[in-house]
Each structure stands twice: as structure tokens, then as C-alpha cells.
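So the protein lines, in turn, are chains A and B. Heads up: the first sequence begins at 1 in my numbering, then just goes up one per residue. Heads up: the second sequence begins at 1001 in my numbering, then just goes up one per residue.
In short, the hints are calculated from the structure, not lab data. Treat each hint with caution, since some may be false.
Label-pair restraints from in silico Cβ distances [unchecked claim]: (1) A:104 / B:1216: 42 to 48 Å; (2) B:1171 / A:93: 44 to 50 Å; (3) B:1215 / A:37: 51 to 57 Å; (4) A:37 / B:1231: 30 to 36 Å; (5) A:86 / B:1215: 34 to 40 Å; (6) A:153 / B:1179: 47 to 53 Å.
Beta carbons: idealized from backbone N, C-alpha and C, even for Gly.
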Amino acid sequence: MRKLLCLAVPVITAGAAHAGGIELTVEIPKLSVAEYHRPYVAIWIEDASGKVAANLSVWYDVDLKDSEGEKWLKDIRQWWRRTGRSLEMPLDGVSSPTKAPGANKVTFPSDKGALATLAPGDYKLIVEATREVGGKEMVEVPFKWAPGAEATTSAKGKEELGVITLKLTK
Amino acid sequence: MKAIAKRLITAAAVASLMVGAAHAHRAWFVPSATVVSGDNAWVTIDGAVSNNLFFPDHRPMQIDAISITAPDGSTVKPANAMVGQYRTTFDLKLEQKGTYRIAQASNGLNASWKEGTETKRWRGTMGDYVSQGIDKKPGVQLTTSSRRVETFVTNGAPTDVKLTGKGLELSGAHPNDLYLGEEVTFKLTDNGKPAANVEITLIQGGDRYREQAGEVKLKTDASGAFKMKVENAGMYWLEAESRGTTTMEGKTLSSMSTYVAVLEVLPG
């Protein structure tokens, strides 16, 4: 049985290695507050000129009746201004439910979506979190996009976000 | 008779507005949000004339004079309107994506002349001005006046606000795309032409809690442009007043325009 598992693992790794991309860990801190709601979080990539190069994720209440969750998307202020306000929500492959406190791991394969057309160069990955009856915070993680390169960078938020780790995989 | 009565009421309303201005009462519309999202977007708006910004303490805005222009240029009626002692409140459902303009605008023709020591005043149309013989009054002074109080709300991406070409209006930077730390360039036009060398007063709301209102004086350049950069995010009251000349039915007359916009500067 143990042997079987060992056999299975290399297959999965090989599959991941083939795709490569960004492995992102977004830590949402556990807060002790009277009224807690999971934050709305947007994740995007900005190029050196500040232009949105890739819209990766928006975590919000996607399943509320009458798309009520969309009412609060404007509170992810910078994301809303830079890209959200020009989009028709929900966005396939980008819209996703809110996440619980803890380390949330998400992967973005380099052969899919916006990453597939991302030109090599210097970028910033931006995570912006805003919480109902809570605060708002934005954390930026600079990285160099070069297909095939491996690297890990991280940054840390103070209030609404914990450690953000960006891992580039082959 | 009815027409005259109506005109008298209009004249009285204008006179009270002018008195209001002289006593530094401030007119405004404040929306509950200037940037909204979603398919069922509503805002609620207060309109009042007050001393402190933005606390109603003097009189409400007149509901009949409010006009709401949708992004496509159509007119929208205020919903759930209520005129209270100190403020008017109404709701707006933003059915379209883009920028809505909520305004109270008026235009008029004013004449004044002396009869002995007494100053006579008159208000009406150009036709009445001639037919009633006002133009024959000794030393008559004719002035056009325009007044606009407005604010803006955007659902989704901001869209251009089409100018009416009447009185003072704001263009250039988008009124619903203002963020802390950024300098923007607005342009003031008067009857569609650049309003040069016009003084602008900018005051942040909440002056009740400050010993000094901290008003900022700005001035338009020769092209009517002025730059704005504020130190705090918040709701701002912007006022401008311009005196110039205008041409009406071949006659050149002096004009006076006042303008108020309530603008929200969002934090980063």
C-alpha cells in the first residue's frame, strides 16, 4: 500500500511540473471581533507601469440571492477601480467563494487564463482584502515572470491579511 | 394671474437663494455612496441648505427642481422622495451602468433700475423684458443668472458627463474617480466656454468638528483649468462663482453663475 502511494506521487508531481505557474498562499488571520465576516479578496497582477496584467481571483459571496454579493465588490476599492468596475460579474475562473481564516493555497497554471499570455518581465502580485464591518488592506508581492524559473517571495499584511507567499513553479 | 403668481414665487425663491448665499448658507446634495456595484444598485440622497457641512440645519432643497440624468441622457424621477423640515431625501435606483448626475439647476434674467431712491428689481424672460417695457426703464441693468448644485454617482465604470452648456459646469477629471494622494485637473466652463480666473472654494465635510473649516481657495487658469489634491479622504463641497458677459438675442448682458458640486475622495 505504501509502495503504491509512493508510485502515485511522482505521477502527480510530473503533472504539476508540466503545467507550472504560480502557487499562492494567502493567509487570512483569525480575528477576535464581535461580528466576523470572511473578507472579500481580489488577487491580480500589475505590470511595471501599474496596468493590470492579469486578473487572477475574486473571492466573494458568489452564491447569495439576487447576486447580492456583487453589491460590495466596490469595497475592494483598488481592484474595483483598476479592473472590477469594467467587468461583468461573475467572471469564469476568477469569481470564487470567500475563504475561511487560515492559509489558503491557490494555484494558477501558466498555460491557462491570463498567465498563458503574460510576457516575461517584472510584475507585482497584489492581494486586496476588505471585510464587512472591518478593515481593508492591500499587500504587494513583487516577482519576476520568466517561464521555467523557480522562485519564492513573500510579504506580510498587518491587519486583514497574514503572510502572502508566491511560489513560481516549473 | 396664475402666471404672474408663479413668476412671483420663482422670483421670491431666487431672492431667498441669493440671500442664502450672502449669509453663507451652503446648498448641497450628498449621496449615501458615490461608487456602487451590482445589479440592484441603489443610493439614497440628502439635499439641504445648511451652515455646517453636511448637517441639515436650515432648509430642505426643493424636490420639484431636482433633475437626475442617467448615463444615457434620459431623465430619472427621484424615488421615495420626502421633504422634511431641514432636508429633502430621495432614493435613486441605478438601472444603468455609468455615471448619474443629480442636480438642481436654474437660469433666469434679472433687471434692476432706480426709481427715485428705490431700487426696483424684475425677473422674467427676454420677451417679457421688452413687452413689459422693462427695457425702457431708466438706467436698467440686465443680468442673466444661473445656478447649479449637483453631485454624481457611478455604477460600474465611470462615463462622461455631458455638459448642458448653461452656466458653470465641471469637466476634465471624472467626479467619481477621485482618490487620496492623487492630483486631478478639473476644468470649469461658463456657458460652455472656459471660465478663466474663477475662484473656487473647497471645504471638507464635518467642519462642525473643527475650529476652522480649513477651506481651500483654488483658482482656474486662462483655460478654465484648476488642479485639486486634498489631504484627507472624504466628502467635499466645491463652490465657484463667475461673473462675465453673455449674448442673448443679439444683446450683450452681464452674467452671474454659481456652481456647487459635492465630491467624494476615496481612500487608496
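These are the hints, each one checked on the structure:
no. : hint                       : in the structure
1   : A:104 / B:1216: 42 to 48 Å : holds, 44 Å
2   : B:1171 / A:93: 44 to 50 Å  : violated, 39 Å
3   : B:1215 / A:37: 51 to 57 Å  : violated, 39 Å
4   : A:37 / B:1231: 30 to 36 Å  : holds, 31 Å
5   : A:86 / B:1215: 34 to 40 Å  : holds, 35 Å
6   : A:153 / B:1179: 47 to 53 Å : violated, 27 Å
Hint compliance for this structure: hints 2, 3 and 6 are broken, all remaining hints hold.
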